[in-house]
Amino acid sequence: MQGEFELRKFVAPEYVFGVGARNLVGRYARNLGGRKVLVVSDPGVVAAGWTGDVTASLEAEGLSFALFTDVSPNPRAEQVMAGAERYQAEKCNAIVAVGGGSPIDCAKGIGIVSSNKKHILLFKGVDQVQLPMPPLICVPTTGGTSADVSQFAIITDLVERVKIAIISKSVVPDLALIDPLTLTSMDPFLTACTGLDALTHGVEAFVSNASSPMTDLHALEAIRLLSKHLADSIRNPRDVELRVKIMEGSLLAGLAFSNAILGAAHAMAHSLGGEKDAPHGECNAILLDHVIEFNFPASPERFERIAEAMGIDLRGMTPSAKKNALLEKVREIKRAAGLDLVLNRIGVSRSDLPILSDKALRDPCMMTNPRRPNRRDIEVIYEESL
Amino acid sequence: MKSPSDSPENGDDLREKLIGLGERSIRKSYYPELQQRLEELERFKAFLDHSNDAIFLIEVPAATILDVNDSSCRQLGWSREELLALSIFDVTDLQSNQKAKNLICAAREGNGERALVETVLFRRDGSRIPAEITLDRMVFQDAVYAIAVARDIEKRKRAEEALRKSEKQYHTLAEASPIGIFYTDAEGEYRYVNDRWMEITGYSRYDALSLNLAWGDNPEDRAGAVKEWLATARKGHPFKAEYYFQRRDGRRVWLYSQVMAEKDDRGEVVGYVGTITDITDRKKAEEELRESEERRLRMQAQLEFAAEMQSKLLPQEAPVLPGFEIAARCQSAYQVAGDFYDWQQTAPDLLTLTLGDVMGKGLAAAMLMATVRATLRAVVQEHKPAVAMQLAERALRHDLDSSDSFVTLFFGQLDAGARRLIYVDCGHGLVFMRRAAGSVEELSTRGLPLGVFSTDGYQEGTVTFGAGDALVLYSDGLIDALPEQVLDHGALAGQLAGAASAEEMVDRLVALVPPEIPLPDDMTVMVVRCQEGN
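Those protein sequences? They're chains D and C, same order as listed.
With this note's numbering, the residue at position 271 of the first sequence is 271, and numbering never jumps.
With this note's numbering, the residue at position 68 of the second sequence is 68, and numbering never jumps.
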């Protein structure tokens, strides 16, 4: 499927990486022409104090702001619309998102609605956003989603119980201020979930049928950093050096998947998230090794490179031994992160599988999976994950 | 491992788009949108620049000019750069208007404050333009501004002045007018009245404002009349009416009014313009004339009735008298006459004849004439002429005395067999005998008219007829009608030459007076002719 001469595009936002990057919000908001800023965050991040740092930075630059924190995990269309209304009422002209994937996706949604004046669910799909959203600065506080550098915004439609994906290069934020220090407030479970989410990004981007040498670089380095440091990072939450590694890995994985796109694990995780409101990172973690097992035959040499990046010495192994070694490594990482879990835990039963599989097959991420699955394939993967 | 349900083309297409190779895929760029907005802005600016109004954006409270449109530069003669270095007070007289000054110079925030100020613009060359400026306060991006939109009102000012002058002329004209002039609104409420209107109605100008068009003197009738008036006037017809109007002092006058609807450009009635004239005197005169005419017609009818009556008193047929023919005609100057003639056959060959003329003419004379005729009829049958006249005179004396009148009368008794006429001439004298050969013979026996008292009795005269002789009797009406002719008996007799009958002789004598000449007096002619065959 992949040829040497296929077209590839690479889009990345401007970003500043490093401890203290969050404090540059005021300066950059001003540089982007901001006068009044809608700050989108969630109560957990506010409690951690990162939102306060950001608003202080805005105030220091003399910029006024309005705070919008009514954002839940798996942000909902209603929350996006309420935020857009707030943006309008407060006469804002720029948006800053502070937090994990939820506030950032919600902020993207608010931006899209503010410019285009239509309901957020109408933008479902690829390249459906006509007018560019207002300037958006992202300050990610989890090392996993990479929504701060990606072209995705995932919004939950509570009525249809489905996560819709809004995908467009114009959804890529203007600026990401990536401050690893913000990761220090994450508890071990969240660190684990987001870390495995990031690892899944790296793996799926690398084996994606749309990968390219540019994304491969980022993806492999992400896999290397995350597989090496995640467990330590969970055990030593205050170790900034480790947090830097994880944040770096997350960023690289984000740059890779935003351009090479993902695969079956994400398609199936999105389906689970919409149906069961399950944490995205957890779903990915549960599915990752099962999806690798399914995809392995489609691209064994790629999976070998992943195994090597994870530090496995494959020399002298038979192909099936290589595969088992990789799967074992992934399961080991899951165990170390405390995410050696099954779908039963999040309330999925056998009877849910047909509808989950249907939705997963329709998810855009399935398009770049290296092996095209049928419905039964997906059901089997879900079954194995129960 | 392919899914049969997935169309590979669709999947590939979606994949292309996902990896950013879709037709519309581009990283966020404001440029296309920016360009569109800028174009809109350019268009808007062009639109402002083409405005005839001068528009200024003013900083509050410094009053400095921050932006202007092209029209400002054109009208004031300053360049844009020069204007931007000036204060709004340098180019307008807004300084002298407290409200405008407050609006521009008050530091407190305020959105939506507004003022309309008449002021002047100062041109660069020192000249001034009268202008009307709309001032608005607005807050934009937390800064307070005033916007001044100035409109050149020089033309309007001139037009206003011209209008004021023309209005004054019309006003003077209206006040000097000898007729009452008023103007009402569309509902008929008075809006303007001139001095003459006040004189006619007795209402003051102030009173008029609370009046509606008052029709007639009956308040109940007004509404109906106004409705009729509105209906007529709305159709665009001028409305004219004469009506009774009760003045404020209660006096009632007749008014003649003309009203026209005044319409606006869309044809809607906006008011009514009208005039009133006091026609009370004319109405009075007309009334009197009408009454007198009525009386006259009544009199006329009576006179006609009297005339008919009188004509019946004259003999309707000529008498049949052997050897004689008799004809007569009476034409009155008015409907009724004081003249009369009469005859009565008292025996087969005996006939009495009368031709009388009561003094005066018209109805009074006619009444006396009837009395005289009746009296004569009563006495002539049984008595000889002189006695008969005596009796008649006695009977009539009182009536003639009290009416200061008298009657001239020729009375005769013709004996056809003897061809002899015995007559009494009571002061008449207008009688002659035309002998067959044409000679004239006077009848000389005369007495006094009836009504002139005398102790002498009446003398009888006698005249005899030969064949072809004609006795001609007439009243003074015949000769008075032709005063320029000398109509003595000879001349009259001459007219009768060759006439073959009494009737023809009467015709000829009557024909002397052309029909178009109005008779100054009653005219009576009688001819008694002795036929020639006997």
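Rather than coming from a laboratory, the hints here were simulated on the basis of the structure.
For glycine and all other residues, C-beta sits at the position ideal for the given N, C-alpha and C.
Among the hints, a few may not be true.
In silico DSBU-like links for lysine-lysine, alpha-carbon gap of 30 Å or less [stated by the list, open to error]: (1) C/K263 x C/K235; (2) C/K45 x D/K124; (3) D/K276 x D/K329; (4) D/K124 x C/K155; (5) D/K36 x C/K155; (6) C/K17 x D/K91; (7) D/K118 x C/K17; (8) C/K155 x C/K99.
Label-pair restraints from in silico Cβ distances [to be verified]: (9) D/R238 x C/L34: 44 to 50 Å; (10) C/Q141 x D/K117: 20 to 26 Å; (11) C/M138 x D/A56: 30 to 36 Å; (12) C/L84 x D/V240: 50 to 56 Å; (13) D/A56 x C/G77: 29 to 35 Å; (14) C/R266 x D/Q128: 48 to 54 Å; (15) C/L163 x D/M81: 55 to 61 Å; (16) D/P73 x C/M138: 32 to 38 Å; (17) C/S51 x D/Q128: 54 to 60 Å; (18) D/R161 x C/P61: 54 to 60 Å; (19) C/A143 x D/Q128: 35 to 41 Å; (20) C/M138 x D/K117: 21 to 27 Å; (21) C/M138 x D/R161: 44 to 50 Å; (22) D/E85 x C/E81: 41 to 47 Å.
Here are a few chain D residues that sit away from chain C, every Cβ distance over 10 Å (derived from the structure) [as the list claims (entries may be wrong)]: (23) F17; (24) R35; (25) A56; (26) A60; (27) L158; (28) V162; (29) I167; (30) D174; (31) T184; (32) A210; (33) D232; (34) A260; (35) I261; (36) S299; (37) M367.
Hints versus structure:
1. Distance hint between C/K263 and C/K235 is fulfilled; the C-alpha atoms sit about 11 Å from each other, no more than 30 Å.
2. The hinted pair formed by C/K45 and D/K124 fails the criterion: a straight-line CA distance of about 38 Å is larger than 30 Å.
3. Between the alpha carbons of D/K276 and D/K329 the distance comes to roughly 28 Å, so the proposed pair stays at or under 30 Å and holds.
4. Simply put, D/K124 and C/K155 have alpha-carbon atoms about 61 Å apart, too far for the 30 Å limit, and the pair is violated.
5. Restraint check: the Cα-Cα separation between D/K36 and C/K155 comes to about 48 Å, which exceeds 30 Å; the hinted pair is violated.
6. Proposed proximity of C/K17 and D/K91 is contradicted: the alpha carbons are some 34 Å apart, above 30 Å.
7. With a C-alpha separation of about 22 Å, the suggested pairing of D/K118 with C/K17 holds against the 30 Å cut-off.
8. Between C/K155 and C/K99 the alpha-carbon distance is near 25 Å, which keeps this suggested pair within the 30 Å criterion.
9. Between D/R238 and C/L34, the C-beta spacing of about 46 Å keeps the proposed range 44 to 50 Å intact.
10. The hinted range of 20 to 26 Å is satisfied by C/Q141 and D/K117, whose Cβ atoms lie roughly 21 Å apart.
11. Between C/M138 and D/A56 the C-beta distance comes to about 33 Å, which sits within the given range of 30 to 36 Å.
12. For the pair C/L84 and D/V240, the supplied restraint of 50 to 56 Å holds, since their beta-carbon distance comes to about 55 Å.
13. Judged by the Cβ atoms, the range 29 to 35 Å given for D/A56 and C/G77 is violated: they are separated by roughly 54 Å.
14. Restraint check, C/R266 to D/Q128: a C-beta distance of roughly 52 Å satisfies the suggested window 48 to 54 Å.
15. For C/L163 and D/M81, the hinted distance range of 55 to 61 Å is satisfied, since their beta carbons lie about 59 Å from each other.
16. Checked against the hint of 32 to 38 Å, the C-beta distance between D/P73 and C/M138 comes to roughly 44 Å, which is inconsistent with it.
17. About 41 Å separates the C-beta atoms of C/S51 and D/Q128, a value inconsistent with the hinted range of 54 to 60 Å.
18. Remark: the range hint 54 to 60 Å for D/R161 to C/P61 is upheld by a beta-carbon distance near 59 Å.
19. C/A143 and D/Q128 have their C-beta atoms about 38 Å apart, which keeps the hinted 35 to 41 Å range intact.
20. In this structure the supplied range 21 to 27 Å holds for C/M138 paired with D/K117, their Cβ-Cβ distance being about 24 Å.
21. Taking the beta carbon of each, C/M138 and D/R161 are about 48 Å apart, inside 44 to 50 Å as hinted.
22. Look at D/E85 against C/E81: about 44 Å separates their beta carbons, and that is inside 41 to 47 Å.
23. Every C-beta of chain C lies more than 10 Å from that of D/F17, the closest at about 20 Å, which supports listing it as non-interface.
24. With a cut of 10 Å on Cβ distances, D/R35 falls inside the contact zone with chain C, its closest approach being about 7 Å.
25. Once the 10 Å rule is applied to beta carbons, D/A56 is consistent with being away from chain C; the minimum gap is 21 Å.
26. In this structure D/A60 is separated from chain C by more than 10 Å, as the shortest Cβ-Cβ distance comes to about 19 Å.
27. The Cβ of D/L158 sits about 25 Å from the closest Cβ of chain C, beyond the 10 Å cut-off, so the non-interface label holds.
28. Look at D/V162: its CB is around 17 Å from the nearest CB on chain C, clear of 10 Å, so calling it non-interface holds up.
29. Listed as outside the interface, D/I167 is inconsistent with that label: its C-beta sits roughly 6 Å from the nearest C-beta of chain C, within the 10 Å cut-off.
30. In this structure D/D174 is not separated from chain C by more than 10 Å, as the shortest Cβ-Cβ distance comes to only about 7 Å.
31. In this structure D/T184 is separated from chain C by more than 10 Å, as the shortest Cβ-Cβ distance comes to about 31 Å.
32. A beta-carbon of chain C comes within 10 Å of the beta-carbon of D/A210; the shortest separation is about 4 Å.
33. No Cβ of chain C approaches the Cβ of D/D232 within 10 Å, the least distance being about 34 Å, so the stated non-interface status holds.
34. Against chain C, the non-interface label of D/A260 is violated: not every CB pair exceeds 10 Å, the least being about 7 Å.
35. Not every Cβ of chain C is farther than 10 Å from the Cβ of D/I261; the closest lies at roughly 5 Å, contradicting the non-interface assignment.
36. With a least beta-carbon separation of about 13 Å from chain C, D/S299 lies farther than 10 Å from that chain, consistent with its non-interface assignment.
37. Separation of D/M367 from chain C is inadequate, the least Cβ-Cβ distance of about 4 Å not exceeding the 10 Å criterion.
Violation of the numbered hints given earlier is confined to hints 2, 4, 5, 6, 13, 16, 17, 24, 29, 30, 32, 34, 35, 37; the remaining hints are satisfied by the structure.
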